[in-house]
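Novice: Line by line, the protein sequences give chains A, B and C. Numbered by full-length UniProt numbering, the letters in the first sequence go through residues 1 to 284 in order. Numbered by full-length UniProt numbering, the letters in the second sequence go through residues 1 to 296 in order. Numbered by full-length UniProt numbering, the letters in the third sequence go through residues 1 to 283 in order.
Be aware that one or more of the hints could be misleading.
Unchecked claim - Derived pair list, reagent style DSBU-like, types lysine-lysine, alpha-carbon separation capped at 30 angstroms:
no.	chain 1	residue 1	chain 2	residue 2
1	C	K267	C	K74
2	B	K61	B	K26
3	B	K4	A	K274
4	A	K75	C	K104
5	C	K213	A	K75
6	A	K125	C	K29
7	A	K128	C	K213
8	A	K131	A	K120
9	B	K74	B	K181
10	C	K6	C	K33
11	B	K98	A	K8
12	A	K75	C	K112
13	C	K213	C	K268
14	C	K112	A	K8
15	A	K60	A	K274
16	B	K54	B	K181
17	C	K213	A	K131
18	A	K8	B	K54
19	C	K267	A	K75
Said to hold, decoys possible - Here are some chain B residues the structure puts well away from chain A; computed CB gaps all over 10 angstroms:
no.	residue
20	E80
21	S161
22	T185
23	E234
24	S269
Claimed, not checked - Restraint-style ranges between C-beta atoms, simulated for each label pair:
no.	chain 1	residue 1	chain 2	residue 2	range
25	C	G176	B	S148	48 to 56 angstroms
26	A	I175	C	G59	52 to 60 angstroms
27	C	D214	A	N230	18 to 26 angstroms
28	A	T87	B	M131	31 to 39 angstroms
29	C	S94	B	S148	28 to 36 angstroms
30	C	E86	A	A84	21 to 29 angstroms
31	C	G176	A	D89	30 to 38 angstroms
Simulated from the structure, these hints should not be mistaken for lab results. The beta-carbon is built from N, C-alpha and C at its ideal position, and this holds for glycine as well.
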Amino acid sequence: MALCEAEKTFVLHGVEENFRIDGREREDYRPMELETNIVSHAFGSARLRLANTDVLVAVKIEVDVPYPERPREGKLEFFVDCSANATPDFEGRGGEDLAVEISNSLAGAYRSPEVFDLTKLCILKGRKCWKIFVDILLLECGGNLYDAVSIAVKAALWDTRIPLVKSVTVDGNNIDMEVSEELHDCQKLDVTGAPIMVTVCKIGEQCIVDPSAAEELCSVGALVISVSRNKFSTILQTGSGSLHPQTLLECLQTGHKVAQRLHDALIETLVDIKPSENSVGFLR
Amino acid sequence: MPQKIHIRLAAHRVNASVAVNRRVPKIFTPGQVITEQNEFMRGHGTYEEEGFLKSSVAGVKEQVNNLISIRPLKSRYNGEVGDVVVGRITEVQQKRWKVDTNSRLDSVLLLSSVNLPGGELRRRSAEDEHMMRQYLQEGDLISAEVQSVFSDGSLSLHTRSLKYGKLSQGVLIKVFPSLIKRSKTHFHNLYVGASIILGNNGFIWIYPTVTNSEDGVGGFVQNLEEVVSRPERETIARLRNCILALTQSKMMLFDTSILYAFEESQKYSVPELLVPEAMVDVAILTQDRLSMAENS
Amino acid sequence: MPIDHKRINGPEITIPYQLFDKLNTKSGKSQFKDFVKSNGVRIDGRSANDHRKIFLKTGVVSQAKGSAYIELDKTKVIVSVFNPREIPNKSEYSSKGEIYCEFKYAPFSCHKRRLHQQDPEELQYSAIMKQALESAVSRHEFPNFQVDIYALVLHNDGAALSAAITVAGVALAHAGIPMYDLITSVTLAVQGEFVLVDPNLEEERLCQVPLFKDEQNTNHGIVVLSMLATHEQVSQFYQTGNLAMDNLTSAIETLTNAAKDIVVLVKKCLVRHVIKSARNVED
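Construct the complete structure from the given sequences, taking the supplied hints into account.
Specialist: Encoded structure:
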């Protein structure tokens, strides 16, 4: 998709006027739709739809050996799959760069122990731990991927239940684990600190959040700001442009503020989930 | 003050359907027998096999005298001569532009079928060929009319009228071509303060109404300096969101339906119209008004 | 992670011996105290705001169009820049030139042996480098062409990424690629109250986790910032860890100032190169 100069001008003036082409203000989000627990083979899953962006996240848990340098910690890994279903550009190795960028930024955002406590995943120091695989599947790409992915990941981790280990017995080199067979006997993860990413897009002299595809084309650069409990966990600059240090600070402030609102909105929705509700799944 | 951020659960999704209890037409699926082939003619979306006329697409039957065709529910644009289209230039070639018009193949706009600055009767010189990118370049939007249809289905366009030409500031919306109702005119200056081009190909262009039509050159001018005023911008954004609301509920788009939707949407602010409930509400109210107008 | 089977990668389960070192039995906090005294003086005698001594040299790789070498004390990085060439398997005309960056740790450059193929961290650093350099290069001057930049870290003693970005800027200038501005990059490590400019490897490692939890100060993290000197533009910004807003505000100020200080050095290095080559012509 390309835009002509006149369309770009229209978008640009709208951003300056604080009235974007769909009527939103600079700090407004488009409505999103979320569903959790939709993949039955996963320990937790979520699907988020933000305009034309569609993300499916599934969490798998397996038993692993901790890293020798961090014997008291479990493992958390992110894999992003840019399915060719999303756009034909992703065919073959086309989506690999984007996938690496997203999974790395997620790994960076979740790295600090303040954000996500990996020690909770340790079963036996240096010997056994849980490894959480977070698989992110991009079903449709309509811009603003980072935000959508981070919300979906947080929702999926919220939905995740770790089996309860009843007892661990060590006999020489053999380790026996007894996992509770009761379905409802499981732990929930603490995800209050899980970061929310906000893409702050610079258009003209102003910064906007949640850019539509047309707005993304008008912007020279963006900052992906991930915020966890009021603090920044990762900041990444994307696009080919550069920013004045003052603008950088303004972008950070905007991102910080919006991430807080986004977090509150998400938690409000997640608390609202009732297990009895019938699932919608992929039917539309 | 920024809007509240809406994250809704899928279980609370609203049903976007506004269909009134009408008879549902029979829908044929590919391979399904339509009729025994003897006196009927084979139209689009059908094929003959073992003496039967069968459907090759999923859609509804359309019959004109002996000609049977199946119109798919969702398809790319099939152009017809005289259609008004909105398209985007994808390529500049020798003596022609390639235009994306949402049809299967890119359409062409020949250099000889545009009005160049300097009057209709101007000869096209070699310089004009070199200047082509200055008139229209990749990414530019145009409104045009279908001049002819080639045998492979691709379209030849022309802009030999002052109403056609390059588009300036505004917003483009893409909808299914089948939602655009054919009518006498596809250019509307709506009284609410904006104009709209309903391209037959499903591309809709909303732009501020131009009061003084001094650009009598076939419209190769874009005004990049002019800042569209706030009220006009609000009207355009409201129209855009209303059209998307109607589209989501699969309602036909024409000047009356759009205006009704615009009027019914007044109880919502423009950004509120992005919320699914509001969109369905507007669509239902519009549907009601349309059927009332139909019955009276 | 695919592994190149043509090379001997060594058994996967090997671990560096340092893990068994005595140092590791100490808590992170006391390790940090070893490296940084409470008055902010670091183990190598620098104060918190001091950058390490920089050595810069151009023209170290004779086959490349441009190359440069940097030393930040023990951190050593070589960057070579190759002639613009047509973008391989491009789909359509691009009016701006492309930049291709490859950031690589030499297998022996870190504690743990690095594999020959790029791992996710190196891939990400490549992307960050590319992002940083894109706004410094006048890309419209070589449409449809691609400039290849290879950065090889010979020894990683912290701040390898910013060293690579700074030296890549020098190498680009040495190669005669048209550029808008000189680019310099600085890393900063935060741990509680301590803000360390240009951290070494141990400082970088210790700032990955909060060590002063008991003092209610959980700020920690790494910030990398690249500046275009004369335009006063931040061309790249990258942060990990857990930092509060006011931390970042002061970090950005510290970093922009530190980045400005390096520009003088970069200029000097480039001027020296020009004078030297002029002399060679005269002879």
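Novice: Is the Cα-Cα distance between K267(C) and K75(A) 30 angstroms or less?
Specialist: violated, 45 angstroms
Novice: Taking the Cβ atom of G176(C) and the Cβ atom of S148(B), is their distance within the range 48 to 56 angstroms?
Specialist: holds, 54 angstroms
Novice: Keeping to a limit of 30 angstroms between CA atoms, is the pair of K4(B) and K274(A) held or broken?
Specialist: holds, 22 angstroms
Novice: Just to be sure I understand the hint, the distance between the Cβ atoms of S94(C) and S148(B) should be within 28 to 36 angstroms; is that true here?
Specialist: This hint holds: roughly 35 angstroms between Cβ atoms.
Novice: Measuring from beta carbon to beta carbon, are I175(A) and G59(C) in 52 to 60 angstroms?
Specialist: holds, 58 angstroms
Novice: What's the verdict on K74(B) and K181(B), does the C-alpha distance respect the 30 angstroms limit or exceed it?
Specialist: holds, 15 angstroms
Novice: Within a Cα-Cα threshold of 30 angstroms, do K213(C) and K131(A) meet the stated pairing?
Specialist: holds, 25 angstroms
Novice: Take the C-alpha atoms of K131(A) and K120(A), compute the straight-line distance between them, and say whether it is at most 30 angstroms.
Specialist: holds, 11 angstroms
Novice: Could you grab the alpha-carbon distance between K112(C) and K8(A) and see if it respects the 30 angstroms cut-off?
Specialist: Violated: K112(C) and K8(A) sit about 50 angstroms apart, past 30 angstroms.
Novice: Would the pair K267(C) and K74(C) pass a check requiring their Cα atoms to be no farther apart than 30 angstroms?
Specialist: holds, 22 angstroms
Novice: Minimum Cβ separation between E80(B) and chain A greater than 10 angstroms?
Specialist: Holds, because the least Cβ-Cβ distance between E80(B) and chain A comes to about 26 angstroms, which exceeds 10 angstroms.
Novice: K213(C) and K268(C) were given as a pair; does the straight-line alpha-carbon distance stay at or below 30 angstroms?
Specialist: The hint is violated at about 44 angstroms.
Violated hints, listed in ascending order, are 10, 13, 14, 18, 19, 23, 24; each of the other numbered hints is respected by the structure.
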